[in-house]
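**Student:** Letter by letter, the chains look like this.
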Amino acid sequence: MRSIGMLAAVLGGMVLLTGCYGGGGTRRTFDSGGAGPRGLAGAPAVSFDVPSLRGPADSLAAYRGKIVVMNLWATWCPPCKEEMPDLQRFYIAYKNKGVVVLGIDQGESAGAVRAFTKQYGVTFPVLLDDDQQYGRAYAAVGLPTTVVVDRSGHIAAGIDGLLTLAQMRAAIAPALAAR
Amino acid sequence: MSDRLALGALAVAAIAATLAQDVVPGLDAYHGWQYATGLAFAAIVLLAAMWRALRSGRSGGRRFAFALAGALTVTIGGLASGLLGPDTITVRGTPGTVTPVPDLGVAAFFGQTDAAGIAAGNAAITLRSRSAAPVDIVPGHPIYGSMSVEYLVPAAAAFIDAHDANGNHLTITQPQGAAFLSPILLFPADQPIHGKSFPIDTFAVPAFARIVRTLYFSAADEKMFPHADFKGPIVLFSMTGDDGAQVGLSIAESQKPVKLGGITLEATIGTYPRLAVASAPPLAASSIGVAAFLAGLGALSMARRKRIESAGISPTA
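Residue numbers (our numbering), protein chains in the order written: chain A, 1 to 179; chain B, 1 to 317.
The set of hints was computed from the structure by calculation and includes no laboratory data.
Glycine residues also receive a C-beta, built at the ideal position from the N, C-alpha and C atoms.
Check each hint, because a few of them may be wrong.
Stated by the list, open to error - These stretches of chain A come out as covered by chain B in the derived footprint (C-beta under 8 Å, 3 or more residues):
hint, stretch
1, 72-83
2, 140-149
3, 159-166
Said to hold, decoys possible - One-sided excerpt, in silico: chain B residues whose CB lies under 8 Å from chain A:
hint, residue
4, T94
5, Q112
6, D114
7, H169
8, L181
9, P206
10, I211
Full structure from sequences and hints, please.
**Tutor:** Printed below as a string of C-alpha cells:
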C-alpha cells in the first residue's frame, strides 16, 4: 500500500513538473536597427578611418576636442543638395568657434564627390565612406543625416532629414553652452 | 543485466541527454514534454536507487550512490534549464548596429565587417551590460551563462558593390531594410519557388533609380540551374526601375561582377552571424556532476579490483 502511494506521488510530481515545462519553449527571431539616429544621443561616437577628399585617411576621432557636426550625404540625394549651401555657411560662421563640419559621403567615388563639392563651393573636410560604415553605425534611416558630437566625443544629437541654418545653430547650442 | 548495470546505463543516458543541450543547443526537442518527462523519470529512478544504495550500509553501495548523485546533479541541471532558462531566440543584426536582448539584460553589438569579412564569415558579436565586462562571441565558440548558452549561427549574407559605366562607386541603400545605409544584404525574408524557400533581400541604387531584388541560392541548390556550372553559392539579381518596370535579370557568383541596367554589380557572398540564445544546463552542475559520476564509478571499480586481488583471483579471469 505504501509503495502504491509512493508511485502515485512520483507520477503526480512528474505530471506537475512536465506541465510547468514551458520555459525555453518559445522560438523567436527579431531584428535590430530601424530606430534612427535620434536614439543615439549620449552614446560614445564611433569612428572609422576612411579616405578623405583631400587625400590622406581621416576620421571623426581626429576632431576630438571640438564640436563636430557630422553630415552624412550623397551626390544623388536631392535634400542633401538643398542643405549643402546652408551647411557651408554654417561651417564658415562657426569654424573659429571650435565647431567643425565633417561631411561624410556615402559610398561614392572621389571624382563624383569632388565635382559636387566644387559645384556647391564646399570647403569643409569631406570623407569618402566607401563601405558606408558611418551610415550603418549611426543608424541613418535616410539622407541627409546629421549627428552632433560634443567635445568629449559623445553624441549630443542625431537628426534625420535636412536642416536649415537656424536648425543647425539650434542643434549645436547645448554642446556649445557646455564648457 | 544486473541492477547496477541498468542504473549505470540510465545514468549515462540521462547525462548524455542533458549535455546534448550544450553540444547541440537550441533544438526544439529539449523543450518538448517528452524530453522533460524522460529526464524527470531518470531523476526519480536515480534518486530512488541512490537512496537504496546508501541504506544498504555497504561501502560499495556508498560509492555507487556517489556516482548516482553525480548523474542526478547533471539531470536536475538539465531539467532546471528547461524550466528556468531563457526562451530560444535568434537576433538578426546589421553590421555596426546595436540591439537590446531583454532576455539576457544585455545589448548586442553586431561587429562591423566588410566584403572580406563576409567572405570569411568571421565577424563577432559583443554583448555589453552595465554590470559586467564586454563579452566577445566569435564563430564556433559559445559562451555559457548560468542557465543559457549564447552562440553564433552563420547566415547567408552578401556585400554588394556597385559601379557605373565609368567605374564610379555608387551608394547602396536598403529602403525597406533594418539599416538604410548598408551595402550588406542579410536575406531576412524567404521566397517560395517550386515548394522550396530561398532567402531574399532587396537593395536600391538611388543614383540610377534602380531597385534590385536579390535571391540567394546555396551551392546545394545548384541543380536549380542545370545548364550552369557554379562552384559555390550564387545570387540572382532582378532589377526594376523606380516605376516598377523590369530592367533585367542576372545571376552572379561571388566576387564576379555582372552588368545590369548600366550598372556593374558585384556580390561578395558569404555569411554574417546571427546571435542565438538557448537554455542550457548550469556548467557548474554539469562539471561537478560528471566528475562525481566518474569518480564514483572509478572508486567502485578500484574497490572491486582490490577485492578480487585480495581473494587471489585474476581480475581478467
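**Student:** Confirm or reject each hint.
**Tutor:** Results of checking the hints against the structure:
As drawn, the stretch 72-83 of chain A meets chain B at 5 residues by the rule of a beta-carbon pair under 8 Å; at three or more, the given contact holds. Using a Cβ-Cβ cut-off of 8 Å, 4 residues of the stretch 140-149 of chain A lie near chain B, which meets the minimum of three, so the contact claim holds. Evaluation of the coverage hint for the stretch 159-166 of chain A: breached, as 0 residues show C-beta separations to chain B shorter than 8 Å, against a requirement of three. The beta carbon of B:T94 comes within 5 Å of a beta carbon in chain A, closer than 8 Å, and the hint placing it at the interface holds.
Contact between B:Q112 and chain A, as hinted, is supported at the beta carbon level, the nearest pair being about 6 Å apart and thus within 8 Å. Given hint, B:D114 at the interface with chain A, holds; its Cβ is 5 Å from that chain's nearest Cβ, closer than 8 Å. Because the beta carbon of B:H169 sits about 4 Å from the nearest beta carbon in chain A, less than 8 Å, this interface hint is met. Annotation: B:L181 was flagged as interfacial toward chain A, and the flag holds, the nearest CB pair being 3 Å apart, inside 8 Å.
Taking 8 Å as the C-beta cut-off, the interface hint given for B:P206 holds, the closest approach to chain A being about 5 Å. Taken as an interface hint, B:I211 does not check out: its beta carbon lies about 14 Å from the nearest beta carbon of chain A, beyond 8 Å.
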